[in-house]
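Start from chain P and add chains S, L and E according to the hints.
Number of protein chains: 4
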Amino acid sequence: MAKGKVVLAYSGQISSEDLNDTDEGYEVVCCLANVGQEEDWDAVEKKALKIGATKMVIEDLQKEFVEKLCFRAVQCNAQYEGRYLLGTALARPVIARCLMRTAEREGCDFVSHGCTGKGNDQVRFELAAYAIKPSIKIIAPWRESRFFNRFKGRNDLLDYAAETGLPVTSTKAKPWSMDANLAHCSYEAGVLENEDQSPPEDMWTMTDDPQKAPNEPTDIVISFEKGIPTKLVTPQKTFTDSVQLFKELNQIGRVHGYDSPALSILRLAHLDLEGLTLDSQVRALRDQFITHNWSIQLYSGLYFAPERQFTEECLLISQANVNGEVRLRCYKGNVYILGRSSSSRLYSQEEASMDSLDDFNPEDTTGFIKIQSIRLKKDPDQWAK
Amino acid sequence: MAKGKVVLAYSGQISSEDLNDTDEGYEVVCCLANVGQEEDWDAVEKKALKIGATKMVIEDLQKEFVEKLCFRAVQCNAQYEGRYLLGTALARPVIARCLMRTAEREGCDFVSHGCTGKGNDQVRFELAAYAIKPSIKIIAPWRESRFFNRFKGRNDLLDYAAETGLPVTSTKAKPWSMDANLAHCSYEAGVLENEDQSPPEDMWTMTDDPQKAPNEPTDIVISFEKGIPTKLVTPQKTFTDSVQLFKELNQIGRVHGYDSPALSILRLAHLDLEGLTLDSQVRALRDQFITHNWSIQLYSGLYFAPERQFTEECLLISQANVNGEVRLRCYKGNVYILGRSSSSRLYSQEEASMDSLDDFNPEDTTGFIKIQSIRLKKDPDQWAK
Amino acid sequence: MAKGKVVLAYSGQISSEDLNDTDEGYEVVCCLANVGQEEDWDAVEKKALKIGATKMVIEDLQKEFVEKLCFRAVQCNAQYEGRYLLGTALARPVIARCLMRTAEREGCDFVSHGCTGKGNDQVRFELAAYAIKPSIKIIAPWRESRFFNRFKGRNDLLDYAAETGLPVTSTKAKPWSMDANLAHCSYEAGVLENEDQSPPEDMWTMTDDPQKAPNEPTDIVISFEKGIPTKLVTPQKTFTDSVQLFKELNQIGRVHGYDSPALSILRLAHLDLEGLTLDSQVRALRDQFITHNWSIQLYSGLYFAPERQFTEECLLISQANVNGEVRLRCYKGNVYILGRSSSSRLYSQEEASMDSLDDFNPEDTTGFIKIQSIRLKKDPDQWAK
Amino acid sequence: MAKGKVVLAYSGQISSEDLNDTDEGYEVVCCLANVGQEEDWDAVEKKALKIGATKMVIEDLQKEFVEKLCFRAVQCNAQYEGRYLLGTALARPVIARCLMRTAEREGCDFVSHGCTGKGNDQVRFELAAYAIKPSIKIIAPWRESRFFNRFKGRNDLLDYAAETGLPVTSTKAKPWSMDANLAHCSYEAGVLENEDQSPPEDMWTMTDDPQKAPNEPTDIVISFEKGIPTKLVTPQKTFTDSVQLFKELNQIGRVHGYDSPALSILRLAHLDLEGLTLDSQVRALRDQFITHNWSIQLYSGLYFAPERQFTEECLLISQANVNGEVRLRCYKGNVYILGRSSSSRLYSQEEASMDSLDDFNPEDTTGFIKIQSIRLKKDPDQWAK
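Chains as they are written, first to last, in the numbering used here: chain P, 1 to 385; chain S, 1 to 385; chain L, 1 to 385; chain E, 1 to 385.
It is worth saying that the hints were derived from the structure and are not from the lab.
Please note that the accuracy of each hint is not assured.
Any copy, or any two copies together, can satisfy a pair, since identical chains are not distinguished.
Straight-line C-alpha distance at most 25 Å; calculated DMTMM-like pairs for lysine to aspartate or glutamate [claimed, not checked]: (1) LYS378 to GLU106; (2) LYS3 to GLU27; (3) LYS377 to GLU363; (4) LYS50 to ASP156; (5) LYS226 to GLU312; (6) LYS68 to GLU313; (7) LYS226 to GLU313; (8) LYS137 to GLU363.
Here the structure is a predicted model, which means the values were calculated and not measured.
Just chain P, same shape as in the assembly (with noise of 0.2 Å):
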């Protein structure tokens, strides 16, 4: 008789969980969330089977991951560290949340997955995890000394993948893990971790090569509804469906060289849209609190946490306004803004213009650097040097 019911948050690469839990005496049911990475559906449902599993769950989540965390995203110019846009952080929630709808369904007690022992993934399924069931208990054989004694490391994993005749992607010329999905590809292990080093240049899946892009810019109107993009037009087509259009942006972006090619693009005719539309002062406080929290947030694992859910309410008032146009051109690795158009925008032409003075005494900004000079004439010494 099984130990208990196992759902395993399964991939198609070779992992831990692949060879744990079968072996331990669990009964298992594997679930992979369709989130946009390419995969040979039935080769991983054989291969699953093939290892003992006992059912093989998988749910396209590529709706509710563009629109609940990429457009979220997108909102919220979400950025880790001034570089990182979330990739793999923003799929996380939504697998966590598939994985426990599976659990509950198969009426599972217990989720493996086969995150190391090192990195935030772990903590970002498992947080998800007891915050929507807090009864589940978790396997995490990359943890268990019994599991990380017998393979010390991927290259283990890897003979012992070769003496059985498991299948598997990485191998020890090229051993990282890949982690794609609609938003990105990232990779780690192996020669990357060494940060001195460039990557590998057959590494490029995702996006072209930037040296191989094509010499013509492509150029593309993107519409936005409350900060939400709602319509792509490009030179041939239009779209208006969420999945759609942000795999179109990938498309293009691919061809031109981008990291995180949708993301990239989106997220910077938001920034521009917003420069048209929202207050000065919403943006600083929106910057500083929103954008900056609901970034960490998401990276640190604490999607399903009060502080993410307020951070994004928040975030959702401060977006009332951001309706609009932008019109970009895709070109090289880079986007640059055309033009932009909004009916909620803040500023006329002819109030910004510098040739019009209706309605607007310039001799006012006399007294207004005045008043602002008081408090500053303090110290007059220290500033002349």
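Just chains S, L and E now, kept in the frame of chain P:
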């Protein structure tokens, strides 16, 4: 007898100040700060004297500009509203200090500038002037009715220049005024006031049109000490002088199509080195508190203000450990990090490796996650949906 | 014929507005908001008409003041610079809205107020006036040279009042102007401008001198829903009407020697209830972002501003769970919490108890601490000293 | 032979550490930091040796505690969640450093403490221990199953103490454990875990019951240099020694019924002096970032952490100008500011006066307000309601 002595913030361009003060009966000393703009300095002097100035003061402030302002912006990863690297705003404090120094030396009670009455630059100049020399009196022609009633806008001014034979760089077809310095080149007025119209192709001067960038990348190495760039190694040569280093990066970046070339490249290199050397919690505080506020302070003309000084001193504290080298590839409007190294790095490669478990017990992570999850288990129903 | 029609922000005190506008040939409508100050309303009206007003408008705005401003301050734990509960600033938006409503109804193109030219109140009133009615024209006598050259300060004004027989509450011996409302009573001018001199003992009106407070404490219970006070139970009676509840707390607090009695008591009770009902991370965000900024916005007269509206909507989100009762003891200038309870509490007594280990494994804490400590072990030498 | 050598964080109270380590076969060195608690030091030593310790180390750390922690908290206006002055948390770093110093000197590989498994103190001690001496091994009996299965809670421990004749201060009727130091005295456990029950009247030790406070106020003067208290003048005597000054304020405050008496009085005096000497914008930044974060860092046991060090160095920068004297009246649980003076004051009395217009043109304020209002005029309809 003159009504008083004025130091005039002079530019090579046609603008208000050129026309007003001598007309009005002041003795005028022209002052022009060299912050790296391209200029025919002799022609500038001749024009100044022709208009009636009694003296033309030109100071080379490139070193002060690069070291005190641009490198500070790099240390800070400064960026305003997620896009703007503050190129114009960074030069203002240096120019203002030069003006006040000249006022002091030449015995001027007045300072005059040609900033328009709707922009930020008037605020930046005047707050600086009052802070450095509280007794200064300011003449801002564009805010005085006898001036702005005579010249309704740039077109009238251009007509006047044509009538009187004054040499100008703006024309009615290209009426924008240009602000150029080592950091960047920005434009305002004319067609640029319509934010739904794309910039004309012949407007690029500092960067080449990215579509024309070469197909070969340029690999470089930049060294930092305490967050300050100290060395640049290019395929051809090594630079350690701050101004030369900055200019060379402008040259490399211009070829590859960047806006604010040197600033952009240095900012990204610095950002990346911080990932290796700055504690994550210190970084989060620095991002939210220092980067955010310093950028706004500079944008708003609050350089000579206690809060900028305070913020900047806090910045310096955060940078004590930001030492090392970053290797980059510049290519078609983007910078790719190839590698980085530092003797102040936070983690050894050994510690970060997935394959090593020395001095780390993966089972501890179980407790770490469980304790964190206690707070998150309060409301499972809302998360399952 | 009148130069125009003015709505005049009227107070019972002697001040500039009383003297200027009718003199100047405007038709004047006086407007006085009842925000809970003690006033002889008939006398006020008589005085207004005597000075030459064509109409006297008095509106009872106590409910709006308590519910829209004071209770919002309580929800927010608002405090400016660690001390000031914003008593004066809270009333300004209510008064300004009343003035603009009157201007609209009476067809006034002008609004006039008697705020001095150095304080915050002029800024608060005028920003509010422009935001509500952008076309309004403002008459601020204390900023007009023909007025401030005639009356150099309060003393001149008091002389003038004496000459012309105007009734005033200020005297040369007690020349301070008083701003009283339901929230508090503040003073400015005279001896109070010397911050090294203690307030005179006969200046207390709203609170009794704390040295004279009774030796018996008063125990009360305050109920909150979504952070808003909804019920007060005193030893004598139960209050559910917002204005009555607020006034009763003023009465209790006055006896016990508080400044801003009702606000102080409600703020502390609310603060305490949040400890039981607000997630710690949400609270930290709320404190740093909402409490800090809302307090500054109100202080700075930015009530009718997008950033205040945004901040306040975020505040409301944070308060969904702040429900419950707080029992307090008021005694000699302090409030002591006796107990609190809530059906929305975060932790059960069972969970918090030191003596219970159900569903909690203390060994998890070991891992929690060890993982946290990894980041802290980088530089032991500096800490040992 | 002993299993190893342990330094034991010892208190006079009955607690876990007293029972465990010698039982378990370790050689035990007891260590007790004098941070101002009242203690019979000889009795403590005797008890330690009786239980089986080979050595008792007692260090007087009052000066370090007051100067490095308490005065820093005063400079910072530290407060956790709007109420708690961090009394317990402030002592932890000093005690932890003492423990690690003793471990180093005595050659101990282990440290043991008696903190319970649910509180913050275990986190504070252990993070500190690891940061100072990364190789240290920690014994936390309350988190070890063989211990917590034997003693289910304090009651079992008290039974055991009674059986074996160990002297204890807790009893079943008053089972709370007390944490006393110069800063404050806090309690936990027993009836105190029910937050809806009022504290028993006989629990006050450090402060007198405020109902019994004298009817005469005490007036004092406190001097600060760079935000640090340097002198206290009372009606009887002048204090300049940090520990004496702090103890005297405790004495004055205790009589008047405060919790954390010296900290409370110093914090309020400092807050008030900052109003006279700290630029308003620097202050806003300091409040939002330094005060907020330092308080949370100390509360969370992150004293020996890069972010605390960074925050504190920024704090010191902010205090350069906070010099002067504050005169206060202590009376019945409240502090009243009587006056303050400083040679570093920001504004002269002349400048602040309502009655003076030298070097200030009130008309400038008109422009100041008008320019500010431009941004606020965008949506009048919403504000009128």
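Verification of the hints:
no., hint, result
1, LYS378 to GLU106, "between (72 Å within a copy, 24 Å between copies)"
2, LYS3 to GLU27, "within (7 Å within a copy, 44 Å between copies)"
3, LYS377 to GLU363, "both (21 Å within a copy, 19 Å between copies)"
4, LYS50 to ASP156, "within (21 Å within a copy, 55 Å between copies)"
5, LYS226 to GLU312, "both (13 Å within a copy, 19 Å between copies)"
6, LYS68 to GLU313, "both (13 Å within a copy, 22 Å between copies)"
7, LYS226 to GLU313, "both (13 Å within a copy, 16 Å between copies)"
8, LYS137 to GLU363, "between (70 Å within a copy, 15 Å between copies)"
In this structure, none of the earlier numbered hints is contradicted; all agree with it.
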